[in-house]
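There are 4 protein chains.
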Amino acid sequence: MKRTIDTIQVGDTATFQKTLTESDVYLFAGISGDQNPAHINQVEAEKGIFGGRIVHGMLTASLISTVLGMYLPGPGTIYLGQDLKFKKPVHFGDTIEAKVEVTERMAEKNRLILKTTCTNQNGEVVIEGQAIVMPPK
Amino acid sequence: MKRTIDTIQVGDTATFQKTLTESDVYLFAGISGDQNPAHINQVEAEKGIFGGRIVHGMLTASLISTVLGMYLPGPGTIYLGQDLKFKKPVHFGDTIEAKVEVTERMAEKNRLILKTTCTNQNGEVVIEGQAIVMPPK
Amino acid sequence: MKRTIDTIQVGDTATFQKTLTESDVYLFAGISGDQNPAHINQVEAEKGIFGGRIVHGMLTASLISTVLGMYLPGPGTIYLGQDLKFKKPVHFGDTIEAKVEVTERMAEKNRLILKTTCTNQNGEVVIEGQAIVMPPK
Amino acid sequence: MKRTIDTIQVGDTATFQKTLTESDVYLFAGISGDQNPAHINQVEAEKGIFGGRIVHGMLTASLISTVLGMYLPGPGTIYLGQDLKFKKPVHFGDTIEAKVEVTERMAEKNRLILKTTCTNQNGEVVIEGQAIVMPPK
Chain E
7 MKRTIDTIQV GDTATFQKTL TESDVYLFAG ISGDQNPAHI NQVEAEKGIF
57 GGRIVHGMLT ASLISTVLGM YLPGPGTIYL GQDLKFKKPV HFGDTIEAKV
107 EVTERMAEKN RLILKTTCTN QNGEVVIEGQ AIVMPPK
Chain R
7 MKRTIDTIQV GDTATFQKTL TESDVYLFAG ISGDQNPAHI NQVEAEKGIF
57 GGRIVHGMLT ASLISTVLGM YLPGPGTIYL GQDLKFKKPV HFGDTIEAKV
107 EVTERMAEKN RLILKTTCTN QNGEVVIEGQ AIVMPPK
Chain W
7 MKRTIDTIQV GDTATFQKTL TESDVYLFAG ISGDQNPAHI NQVEAEKGIF
57 GGRIVHGMLT ASLISTVLGM YLPGPGTIYL GQDLKFKKPV HFGDTIEAKV
107 EVTERMAEKN RLILKTTCTN QNGEVVIEGQ AIVMPPK
Chain P
7 MKRTIDTIQV GDTATFQKTL TESDVYLFAG ISGDQNPAHI NQVEAEKGIF
57 GGRIVHGMLT ASLISTVLGM YLPGPGTIYL GQDLKFKKPV HFGDTIEAKV
107 EVTERMAEKN RLILKTTCTN QNGEVVIEGQ AIVMPPK
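As given, the protein sequences belong to chains E, R, W and P, one line each in that order.
7 is the number of the first residue of the first sequence in this note's numbering; add one for each residue after it.
7 is the number of the first residue of the second sequence in this note's numbering; add one for each residue after it.
7 is the number of the first residue of the third sequence in this note's numbering; add one for each residue after it.
7 is the number of the first residue of the fourth sequence in this note's numbering; add one for each residue after it.
The hints are simulated quantities; they were obtained by calculation from the structure and are not laboratory data.
Keep in mind that the hints are not guaranteed to be accurate.
Copies of the same chain look alike in the list, so a pair counts if it works inside one copy or between any two.
[To be verified] Pairs of lysine-lysine residues, derived as DSS-like cross-links and limited to a Cα-Cα distance of at most 30 angstroms, are as follows: (1) K143 x K115; (2) K94 x K115; (3) K93 x K143; (4) K105 x K53; (5) K91 x K115; (6) K94 x K143; (7) K143 x K53; (8) K53 x K121; (9) K53 x K115; (10) K121 x K105; (11) K91 x K121; (12) K53 x K93; (13) K94 x K53; (14) K105 x K91; (15) K94 x K105.
Turn these sequences into a full structure, and let the hints guide you.
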């Protein structure tokens, strides 16, 4: 599945979708150590502005890494940087599509810049940003 | 433990440390879906430039979220953005310290900008970047 | 965050809260090996006196360890003993507060006795007991 | 497998053994929220008196719950209380045997008291204590 920079054009896209569940959030809280009540305390979270527990922003953002590392450019990619803007909360059970789109191709340096977007099942953008990667050689 | 912006000054810092293990990486691969061979295929990873399986960059970066959501500003924080530069690979068993330091304080908008750094047990910076958050009110 | 005995008084308290979920119970069943149908068999559990699957008592009790090891006395604490009385069942989705309160301080032996209580979202005590610990030096 | 009190005598015993691993400890840290550096930070733990990361005491103690809920008295048991004395640290990779032995039988109240002991692969007692349970009817 891996793609070298010769096979990649500006405008190429790839996606990955997942329904993010309570189980995902709880595991993520465990491995990251982020036991913020916004994610694991329903009583406190109901009092907050989101009305209940929400998914960690970095968990949703991780789906971007999945697209980059598995599909475009795919296995062998080296992740150099990622900018993230968290635009809306993700609730338990939301189905998120992470999409990457090549916006800049630097063949001599073997680098790509990609627009990275996470969208929920209602078409709302929940994360915006961009990635910079080295495709496999 | 939560801290409103009135109690926070430029220069304030907080940290969280964890030894990142194979178990963490495999769980993260499961919940993110990022089954890139760099993380879960020892045979392929040994052929690559890092000489073995490495930790997902977004997993290491998640420790930053832990510091923001649990310590500074702590519970009730809303995460608005994060920029990440992945500087060096993190190997299984590395002990990572995530550190945040307040660099800008916008009291009227209730926003903080923080320098975010992840460092390994040898003092090498593995991730650099900055976060923007809204502290709890 | 750690606190030596010099900084701790009788009457000091600390808490940790978490909504305990099916995901927590199933992971705990896996790592402990406690596959008692009361926890993982909805058909059998519905026939029992609690009307459904309940959280392992030792999982709820583990939140006490979290307060002791992370907040009071915090990192470096050595856990010497724990007495537990399981007073009421904890159902999936209950939000539990674990609270510790210092009831006895033995400075020369560097030991503390703490009253340990787990309470659900309705204010009902689900676990009572006491801990004995050595604070960090 | 379940046993009512009529079928149980003082002196009856049951055991469960498991090798407790880094993976178990990391999952337990996640679900309990107990991210004490003694368990998840190799660099800090090496400086402490145990020379490295150790297993959460409550995780080792959970093996007692396994014996009670699965073997003696087995499914349907209601756990009423547990006293624990943590005698020695448990290191990653230690193989622990949890053993319960009936020491008192109160047929009219349908209660049992059991001596509960956790021993490592070298025969050292790591946890001592006693449990009180209601066997299934």
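Here is what the structure says about each hint:
no., hint, verdict
1, K143 x K115, "within (11 angstroms within a copy, 42 angstroms between copies)"
2, K94 x K115, "between (35 angstroms within a copy, 18 angstroms between copies)"
3, K93 x K143, "between (35 angstroms within a copy, 19 angstroms between copies)"
4, K105 x K53, "between (32 angstroms within a copy, 21 angstroms between copies)"
5, K91 x K115, "both (27 angstroms within a copy, 17 angstroms between copies)"
6, K94 x K143, "between (37 angstroms within a copy, 19 angstroms between copies)"
7, K143 x K53, "between (51 angstroms within a copy, 13 angstroms between copies)"
8, K53 x K121, "between (35 angstroms within a copy, 29 angstroms between copies)"
9, K53 x K115, "between (50 angstroms within a copy, 22 angstroms between copies)"
10, K121 x K105, "both (8 angstroms within a copy, 27 angstroms between copies)"
11, K91 x K121, "both (12 angstroms within a copy, 16 angstroms between copies)"
12, K53 x K93, "both (20 angstroms within a copy, 28 angstroms between copies)"
13, K94 x K53, "both (18 angstroms within a copy, 26 angstroms between copies)"
14, K105 x K91, "both (14 angstroms within a copy, 20 angstroms between copies)"
15, K94 x K105, "both (16 angstroms within a copy, 25 angstroms between copies)"
Hint compliance for this structure: every hint is met.
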